[in-house]
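*Asks:* Construct all of the structure, not just a fragment, from the sequences and the given hints.
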Amino acid sequence: PLQKSFTYVINLNKAGLLAVYAADKEWNARIGAAWASKPLYFKAGVYVQDNSGDTNEGAKVTFEKLDIDHE
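Note that the numbering used here has the sequence shown beginning at 570, numbered continuously upward.
Fair warning: there could be bad hints in the mix.
Below are the PhoX-like pairs computed for lysine-lysine, each with C-alpha atoms no more than 20 Å apart in a straight line [claimed, not checked]:
1. Lys594 x Lys573
2. Lys634 x Lys612
3. Lys573 x Lys629
4. Lys634 x Lys573
Treat the hints as calculated values from the structure; they're not laboratory data.
Computed from a prediction, not measured in an experiment: that's the story for all the values here.
*Replies:* What follows is the structure, given as structure tokens:
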């Protein structure tokens, strides 16, 4: 949402269950066992997919709080 704060949570447990919580919704998926031995990371940012328009167009994101937990 533009100009509004919101909260989301991304969690991946040791059993490979990926859960995303945002906008009062929950999405779950199990990732393949082959990923268990791979280093995984999450990048916080904004990645604009629109590559047309003026060269001065862009995006801005502000993180008010960022918590990182490793289990």
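*Asks:* Would you mind marking each hint as holding or not holding in the structure?
*Replies:* Here's how the hints hold up against the structure:
no., hint, in the structure
1, Lys594 x Lys573, "holds, 17 Å"
2, Lys634 x Lys612, "holds, 14 Å"
3, Lys573 x Lys629, "holds, 13 Å"
4, Lys634 x Lys573, "holds, 14 Å"
Of the hints listed earlier, there is not a single one the structure fails to meet.
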